[in-house]
Every structure is written in C-alpha cells, then in structure tokens.
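Asks: Sequence:
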Amino acid sequence: MENYRLFLALLIFAFAVGFVSVVFVLRWVLHFREGLGWDGKEAEFNWHPLLVVIGFIFLQGIAIVVYRLPWTWKCSKLMMKFIHAGLNVLAFILAAISLVAVFDFHNTKNIPNMYSLHSWVGLTAIILYSLQIVLGIGIYLLPVSPVHLRAVFMPIHVYSGLFIFTSVIAAALMGITEKLIFALKGLAYKDSPEEATFVNVLGLLISVFGGLILWIATRPSWKRPSEQVLRSQHSREPTPAGTKASTAMSERPDTEPSSEAHGRNGKM
Numbered sequence: 006m007e008n009y010r011l012f013l014a015l016l017i018f019a020f021a022v023g024f025v026s027v028v029f030v031l032r033w034v035l036h037f038r039e040g041l042g043w044d045g046k047e048a049e050f051n052w053h054p055l056l057v058v059i060g061f062i063f064l065q066g067i068a069i070v071v072y073r074l075p076w077t078w079k080c081s082k083l084m085m086k087f088i089h090a091g092l093n094v095l096a097f098i099l100a101a102i103s104l105v106a107v108f109d110f111h112n113t114k115n116i117p118n119m120y121s122l123h124s125w126v127g128l129t130a131i132i133l134y135s136l137q138i139v140l141g142i143g144i145y146l147l148p149v150s151p152v153h154l155r156a157v158f159m160p161i162h163v164y165s166g167l168f169i170f171t172s173v174i175a176a177a178l179m180g181i182t183e184k185l186i187f188a189l190k191g192l193a194y195k196d197s198p199e200e201a202t203f204v205n206v207l208g209l210l211i212s213v214f215g216g217l218i219l220w221i222a223t224r225p226s227w228k229r230p231s232e233q234v235l236r237s238q239h240s241r242e243p244t245p246a247g248t249k250a251s252t253a254m255s256e257r258p259d260t261e262p263s264s265e266a267h268g269r270n271g272k273m
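The C-terminal residue of the sequence shown carries number 273 in this note's numbering, and the numbering is unbroken.
Please note that the accuracy of each hint is not assured.
What the hints assert, rightly or not - Straight-line alpha carbon distances no greater than 20 angstroms define the calculated SDA-like cross-link-like pairs of lysine to any residue that follow:
#1 Lys228 x Arg10
#2 Lys184 x Trp33
#3 Lys190 x Glu39
#4 Lys82 x Val163
#5 Lys82 x Ser231
#6 Lys114 x Ala48
#7 Lys228 x Phe87
#8 Lys82 x Ile67
#9 Lys228 x Leu74
#10 Lys46 x Leu189
#11 Lys184 x Val105
#12 Lys86 x Ser135
#13 Lys190 x Ala201
#14 Lys46 x Asn112
#15 Lys46 x Pro117
#16 Lys86 x Val152
#17 Lys79 x Leu13
#18 Lys86 x Lys228
#19 Lys46 x Ile186
#20 Lys86 x Gln137
#21 Lys46 x Asn118
#22 Lys82 x Val71
#23 Lys190 x Ile116
#24 Lys86 x Ser150
#25 Lys86 x Val163
#26 Lys86 x Pro160
#27 Lys86 x Ile221
#28 Lys86 x Ala156
#29 Lys82 x Gly141
Said to hold, decoys possible - Pair by pair, the computed Cβ-Cβ distance ranges are:
#30 Leu35 x Thr182: 16 to 22 angstroms
#31 Thr182 x Val71: 27 to 33 angstroms
#32 Gly42 x Lys86: 34 to 40 angstroms
#33 Gly143 x Leu192: 48 to 54 angstroms
#34 Leu192 x Val25: 21 to 27 angstroms
#35 Phe87 x Asn205: 34 to 40 angstroms
To be clear, the hints were calculated from the coordinates, so they are not data collected in a lab. Computed from a predicted model, the values in this text were never measured in an experiment. Quick reminder that beta carbons are idealized off the backbone N, C-alpha and C, glycines included.
My request is simple: use the sequences and hints to build the entire structure.
Replies: Here it is, written out as structure tokens:
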C-alpha cells in the first residue's frame, strides 16, 4: 500500500473520533437527558440518537472502509464480503430500532410524524440503505448473478453507499439541532447553555468522522487490489521456513511434478 503510515494514522484517528462520538451521545442521553427506557417517554426517544450514531454512522463507516484494511488483503474476497454485509446489516437493525423508538415516542405524545427536513432525509436514507443491502447481497453474495452485472453495478453500489453515509450524517446534524431547539429548558439554544455546547461538539465529531471515512474510501491508491494481483504478489514472495512455508505452498497451485514438490518439502 502506498503511504501506509498516512493511511494507518488517518484510520486510527477516524476510529478514535467515531468512538468518542459514541461516548458523547451516550453521555448526552444519560447526563443531560432522561436516560434510556422504553415507556413512550423521553427515555425511549433517547434510543434514537444513540443507535443512529452507533449503527447508522459508526458501524456503517467501518463497513465502508473494511475492504481497505491492508492486513485483511490476505483474507478471501468472499470472507470480506460477508464481513462488509454483516456490518451493514447490523447497522441497519440498529437504525430500524431507532426509527421505531422515535415513532413510538411521537405517537405516545401525539406529536406529528414526518414533518421536518430531518425526518424526510433520515427516512429516505434508511429506505435507500435497505435497498442497498438487499441489492448488494443479491448481486455480490449470491452466486446466481452474472459477472457482467456485478461489474456494471459496482460503481453504483460504491457511489450510493457514500451518498447514503453522507445523507445520514446530514440528517444526524439536523436532528440534534432540532432536538436542542425543542427540548432545552431554562436557557434557550441561542444562549449557549452547557448542553447546547456539548451537543455542538458532538456534531463536529460526527462531521470529522464522516470526512475521514470519505477521504479514506475515495483514495484510489488505498483500494484493495484485485484477486489476480494479490495472487501474483503472493506467488512472488519468498517462502519462509517452518509452518508458514507449508501454508504458503498449500495456497499456491500445484504446477510441479509431485516427486519434485515432495523432494523440496522434505528438504524444507
């Protein structure tokens, strides 16, 4: 990988910012809000921002860059597809639960649903995300799809994934601002109370995390090499002694006569 140290530094920084974002939203709902519960009250609504940040933002960000981790390039492409799909499915489940929580809270409090730009963008993102997962599994995990269909759909799959991720971050920023405007008690949002400042920092962290993930995901030099390139690079590597050598030889195609290969294995 070119500029491996820069990649590693940005990756560690991105994951650190994403983790801190999760800690911030957890502190927001536990310290400044009413905690967590499932009773139709404020505590139930708090599952919405928490699960969105954990699943729809943090886990989806990891799923986007998981192919670019160079230490996974020796893993089979099929295994990486399952990891990528599994992270996205888990993120979708958490996002769906967060959606149920906010709708249940609104219905209990007789608050209208789907009237704000935040709700429009968020619901559109989760619908597109579900289509992205279904099409991705159907085309890239099931062996029935033809090769030319996978090649044609790949640019659409990549672009739509980045578009959905960006839309989710935009919806999250609108959502936390909307929540502060309606839910702050005592001082108004314009007076910059402690909670407002804390949540504004949370919004900045989410934005930085999204920017880092998009930068890592769009660098051509950090793209996972094709399977042919990986196999050719692996075949040119010197074979170390011991267990690693036998493992490497077992992964290569057996193009030698069996007697010669057996003799070399004995010497090793």
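Asks: Provide an ascending list of the numbers of those earlier hints which the structure does not satisfy.
Replies: Nothing - there is no hint that the structure violates, so all of them hold.
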